[in-house]
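Colleague: Please arrange chain B on chain A, whose structure you already have, making use of the hints.
The listed protein sequences correspond, in order, to chains A and B. Numbering that gives the first Met the number 0 puts the first residue of the first sequence at 0, with every later residue one more than the last. Numbering that gives the first Met the number 0 puts the first residue of the second sequence at 0, with every later residue one more than the last.
Worth flagging that the hints you see were computed from the coordinates, not collected in a lab. All figures in this text were calculated on a predicted structure; none of them were measured in a lab. Virtual Cβ for every residue (Gly too), placed ideally from N, Cα, C. Treat the hints with care, as some may be off.
Label-pair ranges, simulated between beta-carbon atoms [unchecked claim]: (1) 36(B) x 63(A): 18 to 26 Å; (2) 172(A) x 146(B): 40 to 48 Å; (3) 170(B) x 59(A): 32 to 40 Å; (4) 109(B) x 31(A): 31 to 39 Å; (5) 62(B) x 141(A): 40 to 48 Å; (6) 173(A) x 61(B): 14 to 22 Å; (7) 210(A) x 145(B): 49 to 57 Å; (8) 18(A) x 23(B): 55 to 63 Å; (9) 152(B) x 72(A): 44 to 52 Å.
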Amino acid sequence: MSPDIHTSTGAYAADALPPAEREEVEQHLADCPACAQEVIELRAALTRMADAAAEPPPPALRARVLADVRRTRQLPPVLGPGDSRGRSRWWWAGTPLQIAAAALLIAVVSLGVLLVQRQHQLDEQRQLVAEITSVLNDPGRAVTTADLASGGRGTVVESHGQAVFLASDLPSVASARTYQLWVMSPGHARSAGLLGRGKSAQVLVPAVGPGDSVGVTVEPAGGSPQPTTAPLVTIPVGS
Amino acid sequence: MAADVRPLRRRSRHDAVIASEPDNTLEAVVRRVAHGDESAFERLYDDVSGAVFGLIRRVLRDPAQAEEVTQEVFVEVWRTATRFDARKGSARTWILTMAHRRAVDRVRSAQATHDREDTVAAREQVRVFDEVAEEVELRLEQQQVHHCLGTLTELQRESVTLAFYGGYTYPEVATLLGAPLGTVKTRMRDGLIRLRDCLGVTR
Numbered sequence: 000m001s002p003d004i005h006t007s008t009g010a011y012a013a014d015a016l017p018p019a020e021r022e023e024v025e026q027h028l029a030d031c032p033a034c035a036q037e038v039i040e041l042r043a044a045l046t047r048m049a050d051a052a053a054e055p056p057p058p059a060l061r062a063r064v065l066a067d068v069r070r071t072r073q074l075p076p077v078l079g080p081g082d083s084r085g086r087s088r089w090w091w092a093g094t095p096l097q098i099a100a101a102a103l104l105i106a107v108v109s110l111g112v113l114l115v116q117r118q119h120q121l122d123e124q125r126q127l128v129a130e131i132t133s134v135l136n137d138p139g140r141a142v143t144t145a146d147l148a149s150g151g152r153g154t155v156v157e158s159h160g161q162a163v164f165l166a167s168d169l170p171s172v173a174s175a176r177t178y179q180l181w182v183m184s185p186g187h188a189r190s191a192g193l194l195g196r197g198k199s200a201q202v203l204v205p206a207v208g209p210g211d212s213v214g215v216t217v218e219p220a221g222g223s224p225q226p227t228t229a230p231l232v233t234i235p236v237g238s
Numbered sequence: 000m001a002a003d004v005r006p007l008r009r010r011s012r013h014d015a016v017i018a019s020e021p022d023n024t025l026e027a028v029v030r031r032v033a034h035g036d037e038s039a040f041e042r043l044y045d046d047v048s049g050a051v052f053g054l055i056r057r058v059l060r061d062p063a064q065a066e067e068v069t070q071e072v073f074v075e076v077w078r079t080a081t082r083f084d085a086r087k088g089s090a091r092t093w094i095l096t097m098a099h100r101r102a103v104d105r106v107r108s109a110q111a112t113h114d115r116e117d118t119v120a121a122r123e124q125v126r127v128f129d130e131v132a133e134e135v136e137l138r139l140e141q142q143q144v145h146h147c148l149g150t151l152t153e154l155q156r157e158s159v160t161l162a163f164y165g166g167y168t169y170p171e172v173a174t175l176l177g178a179p180l181g182t183v184k185t186r187m188r189d190g191l192i193r194l195r196d197c198l199g200v201t202r
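Excised from the complex, chain A in its bound form (with noise of 0.2 Å):
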C-alpha cells in the first residue's frame, strides 16, 4: 500500500481516482476509520458544490422516472450490524462459505424456477448449477470485474478452463434487442449465448482459455453469429 493514501481520500471522495488507485483506497477506508470520516465529510462538502450546479430536469423525467419506479423491485435489506459490508463490495470475494451460500442461492433460485418443467430439462438444468456451483466454490478460481458501459457490471469467475459469467444491474435494452455474451479470442469471437431479460443473468461458458476475453454486446433478439456492435465490456478471462 503506497505511504500517501491518506492523501487520497480528496480526490475519492470526488471520483477523481484512476480504478486500481479506487480499488486500493476502498480496502483501506474499511480499515481507517478516521480517514472513512473524512471522505463522509468531504462528501459533505462537495453535495453543496452540487446543490450550487442544481438546474431544474425536464418536467416530463419525472413521469418516466416514476413509470420506472412502479415496476422495479427493490433490493433486500442487508442484515445485522455484523455484516461484512465495506470489507468487501462483493460476496464472490468472501469467504469459502459466504460463495458456498451464494452458490446454493443461485442453484436454489434455479431449481426453483425449474421445478415447473419437464424432467429431463430439470436434469440438463441441474447438471448445469452443479458446474456453477463447482467453478464458484473452487479455492483456485479467478475473479474479475468490470462495469458494462452502459451500466450494470459483469463478472467472470475462472476455474479449470471453464467460466462463469454473473451479471447485475443490467439496464433493461429494447424489445427488438437482447444482450449477448461472447467468448473473444484475437481475431475471433464465438457466441457463449443470450443474456435472457432480467436485471441479472449467470452464464456457464465451458471451454475458455488463457487470453481468452468474455464480451457482451447489444444484438438484434435471437442474437447474431457474429458481434455487429461494439462491446459494452470485455473481461479477461482468469486474470
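Modeller: Leaving out everything else, chain B in the frame of chain A:
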C-alpha cells in the same frame, strides 16, 4: 434550485436513529421509500432532482445523456433505499455521490471506447476546461459555496472544480493544469478540507 429539506445534524448512535428522527428529514423520507412508499419517493424526487440533474448535466454536458443518467440514478435510489446507511453520511450526500459516480462512469466508459491518444481530443479538453472555469464563475447559485470556493488557492480550486464539475481524474487534471500528479492530489484534499471547514459541514 435545490429544495429546502436539509438533513438535520444528528449525533445519536445509529440504533437510536429511527426513534429520534423527525419525519421531515430526507433520511426519514428515504426510510419510507425503503418500505416501498411511492409518494415518499415522489417527494424525494422533487427535493433532489434539481441537484442530481444539474450535477450530471454539468459533468456530461449533453442534456439527453444527462436525462438518461438521472433516470438511472433515481431508479437506483429506489432499488437500494433499503440499504441506505445513515452512519455513512446524509441521505442527500448518498444520492448525490451516486449521481456523480454514475456521471463519471459514463464519461470514462465513453472515453475508453474512443482513442485516448487523440491529440485533437486533448486540445478539445483544454477548451472544455476554459469553459468549465468560466461557467463555475458564472453559474454558482449558492453564494456561500461561491464565497467558500473563493477562499481556496487557485490550484486547490481548479483541482476541485475540474475533478468534480469536469469529471476528470486527478492525472487528467494534472495534465490540464501542467502541475505534478502528487501536488494535484494533495491540493484536491486540502481544497476540500478548506471548503468543508468554510461551509461548516460535518456529514
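Colleague: Name the hints, by number, that the structure is in violation of.
Modeller: Checked against the structure, the only hint that fails is number 8, while the rest are satisfied.
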